[in-house]
Structures are given as C-alpha cells and as structure tokens.
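> Given chain A, work out where chain B should sit, using these hints.
As a plain string of letters, each chain reads:
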Amino acid sequence: MKLTIRRGGGLAGMVAQTELDDRSLPKTDAEAFAGEVARANLHEQPEPAAARPWPDAQLYEILLEAAGPPISVHYTDETLPESVRLLVAWVDGRPERVESIEQ
Amino acid sequence: MSRNHRRAQCGIAPPDLLGRLAVEGDAQQREAAVRALATSAAIRSQRAVMGRLNRQLNLNLGQMIGFTVNPDRRLTIYDNQTNGRTFLPGVRVRDWGQPPVQDEAVNQAYDGSSATYEFYRDVFARNSLDGAGLELVSSVHYGIAFDNAFWDGAQMVYGDGSGRIFQVGGLTRSLDVIAHELTHGITELTAGLVYSKQSGALNESFSDVFGSLVKQYSLKQSAADADWLIGEGILVPGLGKALRSMINPGTAYPGDRQPGHMDDYVDLPDNNDPRNDNGGVHINSGIPNHAFALAANALGGFAWEKVGKIWYTVLTTRLRPNSQFDEAAQATVDVAGTLFSATEQDAVHNAWKEVGVLS
Numbered sequence: 100m101k102l103t104i105r106r107g108g109g110l111a112g113m114v115a116q117t118e119l120d121d122r123s124l125p126k127t128d129a130e131a132f133a134g135e136v137a138r139a140n141l142h143e144q145p146e147p148a149a150a151r152p153w154p155d156a157q158l159y160e161i162l163l164e165a166a167g168p169p170i171s172v173h174y175t176d177e178t179l180p181e182s183v184r185l186l187v188a189w190v191d192g193r194p195e196r197v198e199s200i201e202q
Numbered sequence: 252m253s254r255n256h257r258r259a260q261c262g263i264a265p266p267d268l269l270g271r272l273a274v275e276g277d278a279q280q281r282e283a284a285v286r287a288l289a290t291s292a293a294i295r296s297q298r299a300v301m302g303r304l305n306r307q308l309n310l311n312l313g314q315m316i317g318f319t320v321n322p323d324r325r326l327t328i329y330d331n332q333t334n335g336r337t338f339l340p341g342v343r344v345r346d347w348g349q350p351p352v353q354d355e356a357v358n359q360a361y362d363g364s365s366a367t368y369e370f371y372r373d374v375f376a377r378n379s380l381d382g383a384g385l386e387l388v389s390s391v392h393y394g395i396a397f398d399n400a401f402w403d404g405a406q407m408v409y410g411d412g413s414g415r416i417f418q419v420g421g422l423t424r425s426l427d428v429i430a431h432e433l434t435h436g437i438t439e440l441t442a443g444l445v446y447s448k449q450s451g452a453l454n455e456s457f458s459d460v461f462g463s464l465v466k467q468y469s470l471k472q473s474a475a476d477a478d479w480l481i482g483e484g485i486l487v488p489g490l491g492k493a494l495r496s497m498i499n500p501g502t503a504y505p506g507d508r509q510p511g512h513m514d515d516y517v518d519l520p521d522n523n524d525p526r527n528d529n530g531g532v533h534i535n536s537g538i539p540n541h542a543f544a545l546a547a548n549a550l551g552g553f554a555w556e557k558v559g560k561i562w563y564t565v566l567t568t569r570l571r572p573n574s575q576f577d578e579a580a581q582a583t584v585d586v587a588g589t590l591f592s593a594t595e596q597d598a599v600h601n602a603w604k605e606v607g608v609l610s
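Going down the list, the protein sequences come from chains A and B. Count along the first sequence starting at 1, add 99, and that's the number in my numbering. Count along the second sequence starting at 1, add 251, and that's the number in my numbering.
The following block holds chain A by itself, in its conformation from the complex (with noise of 0.2 angstroms):
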C-alpha cells in the first residue's frame, strides 16, 4: 500500500510529494498505518466542489494505491477533512516518508 500526498497552491506556490510505503514500515507500524488509512475512509470522503478556495489555501490531492483501483481524492485547506487531516499528518511524522519539490 503506499499513499502519495501532493500539495499546491498555498502562500508559496510550490509543488509538495511527500509518499509513504508500507513496505518501508516495520510490520506493527505498517498496520498502524493501514488503521490511519481505514480512518481516513478516503472512499467514502466526498470532495466539496464549487467553492471558491481561500487565497493561499493549499490545494490537495491524496493518491491511495492499494488492493483493487487506485483513490484519488482531492481537498483545499478549508475543505480536507478532519479524518484525511489527521493521516496526513501521521504520514507527515513518519521518518519514513519520501519527500520532493516538484519543479
């Protein structure tokens, strides 16, 4: 399973990736990520649409490659989740996690 968070926009503009593998993690800690990732629910989170989003407000999309097809969801600041908040969060403190700018 890996999970792949890009985010834009924002005050600075730039292009943030940061993944997560669970192949990368030891096995409790991959089931505790399977848990954050099963409390996101990612399938049932609607993306709100219409809105206009906050000036600088960054703009995400949260990529889930798992058993059967990819998830791809997409959030703003104002809009992301309180569920989705807390795993990116969680990927945010792994060590684990890979990080890029994209240029």
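In short, the hints are calculated from the structure, not lab data. Where hints are given, some of them may not hold.
[Said to hold, decoys possible] Covered stretches of chain A, going by a simulated chain B footprint (3 or more residues, C-beta under 8 angstroms):
(1) 110 to 122
(2) 157 to 163
(3) 180 to 191
(4) 194 to 201
By construction, the Cβ of each residue, glycine as well, lies at the ideal position given by its N, Cα and C atoms.
Okay, now just chain B, sitting in the frame of chain A:
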C-alpha cells in the same frame, strides 16, 4: 478514481437571502440573519457572496463573521494550539494594546498586523480591511508543523512551518507575508477578484504589491533600495532566497516558474490539481508584479506615494471580480492620469508595455 460531489446545503438558508434579511428585515429578522451568517460554515467559504454583500448591501463584515467592530480593539491574536480548522480562531492570547507575551509568533503576528493597519491608515486613509475599523484577527500555531499561511475569508491563519519548506517560525517573521495575507482581505471586500487564472493572478499580485510596499514603508526604502522580494529568508536554506521576485520574476528559487512577460504566460487549467495552482495564480502574478516594480523604479522615490496610490485606487474602485490583466493595466494608466500627470501615466503605460500586456 476521482469523484466530485456537490456540497450538501441541508438546513442552510441561501446567503443572499440572509444578506437581504440582515439589511432589510425587521429587528428580529436582522438579528437572526446576522447570527446565521456569522455562524455558518458555508458563508465562511463563500467569499464572493460576502464581498458582494459588503459592497452592494453595505453589510458589515464584522457582523457577518462574528467579530465585533470595536474601535478600541484594532487587532487580536489567537493561538490555534496546533489544532486545525475546527478550532479557529482558538484561544485569545493578546488583545490590542496589551504588552508582548512570551510567544514570539504571537508578537510577530501582532506587530505585523499593526504595521499593515498603520500603512493603510497613514498612506491611503483606510481604516482596516473594510474601511470601517474591522478588527484584524490572526491565529498562530495552526495545525501541526503546517507549511502555509492564508486568509480564510474572515481572518489570517499562520502555521509554524515544518522546517522542510518553510523555516520553523518563518511565516510570522515576514512582514510582507503578513501584509500579503491582509491585502487578500481588502481585495475580497473591494474588487472581489475571483481566485482563478488571470483574475486570481491579479488577486495574488495586489497582495504581493502591498506586501512589498508595507515592508518598504516600514524601512523607509525608496524603490531603488527595495529588494522587491516576497518572503525573503523564510524558505529553508537551500530551497531558495524568497518566494517571489517582483523585479526579476522567476529567480526567487530554483524551479521558480514565474514569468515576467506575457510571451511566457503559463496557461494552466483551474481543476483542483495541486500542480495547476488554481490556474497559475502564483505563477502568472509575476507579470503584473513586474509591471508594478518597473513603474515604481521608473518614477523613483517612495513607491507607495505614486504607483502604490495608483494601484490602490484601481483595486478599490476600478476592478471587478472577473477583471483580466489588460483591464487592470488600462485602469492603472487611466488612474495615473487622473491622480498625477503625463509623466506618471507614461511610466505606468511603459511598464505594462514592457511586460507585454499593453501595446
């Protein structure tokens, strides 16, 4: 799989209806409508509606968003305590007139907001964002190691920075960043520039212009002495010197895609993809940014006195939500002739010619 669903509107009266009731209803209706507007999550996300209500119905933004307009409280700083959106604004930690506290981010947000308020008051005789003394509300320590600062339609929000993109503590350290965010509030309440493609790039550019001018004003710098950088020194070392360069767009950091001329305009879709930046609003803002810096340098002296006044007049009286580069450019030329002389008008016209917007 990518899905789109309309946001449910269950149980929420249309904001336009609430706005009319808030203005035209009887006392009971007014109170109920203002309370509904103030507490509605939906209205906080619908800035176009808020701006239109403010402009057309003269409905006070302070009432709409629940922050009291109090001449004795120019600004207030809150601590989000590393919570997220649902905890905004957070815990009040410093009121207007209170001495500094231990938390440096609080003091920086306080000082930066105060300096921005004083700039708009002293240079343009504008009393806060709405021209009517709206309390400036800021929340610091938003989220966890959050790499961003933004205007949410009602207040400023600052993360701590993660140390991966922004330096830890960098976002409140930069006066031009604070003024940039506050200027988004003015834009929302005046021109209402839609945050997409060219109108969005103009929205961004006005925030950069006045962000830079607030910094220049605080340092009493002439146009020639200004660095014309936005967010100088807030990125982590190695990522770049600043977020944007107004005088040399595209040179602020390796990979900076900002153009300085219409020939290099980056035409991106506005499709929620993080790579496309709402249709390039932080990218193509380099073109109007460049025009401003060129005009300011051509005229010399303090940039806020002439070119700044022209841009301020255009933002607050001439533009509309869907204004494009050419309309904004022509408006600045017209206003330059109205406020000043042919010298200033020529300098502004030449600047827009140099960036390829006017011929």
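> Now tell me, hint by hint, if it's right for this structure.
Against the structure, the hints come out as follows:
Only residues whose beta carbon comes within less than 8 angstroms of a beta carbon in chain B count, and the stretch 110 to 122 of chain A has 6; three or more means the coverage holds. Counting residues of the stretch 157 to 163 of chain A whose C-beta sits closer than 8 angstroms to any C-beta of chain B gives 4, which meets the bar of three, so the coverage hint holds. Here the stretch 180 to 191 of chain A counts 4 residues with a CB under 8 angstroms from a CB of chain B, which clears the bar of 3, and the coverage holds. Check result for the stretch 194 to 201 of chain A against chain B: holds, 3 residues qualifying (beta carbon to beta carbon below 8 angstroms, three or more required).
In summary, the structure agrees with every hint in the numbered list given earlier.
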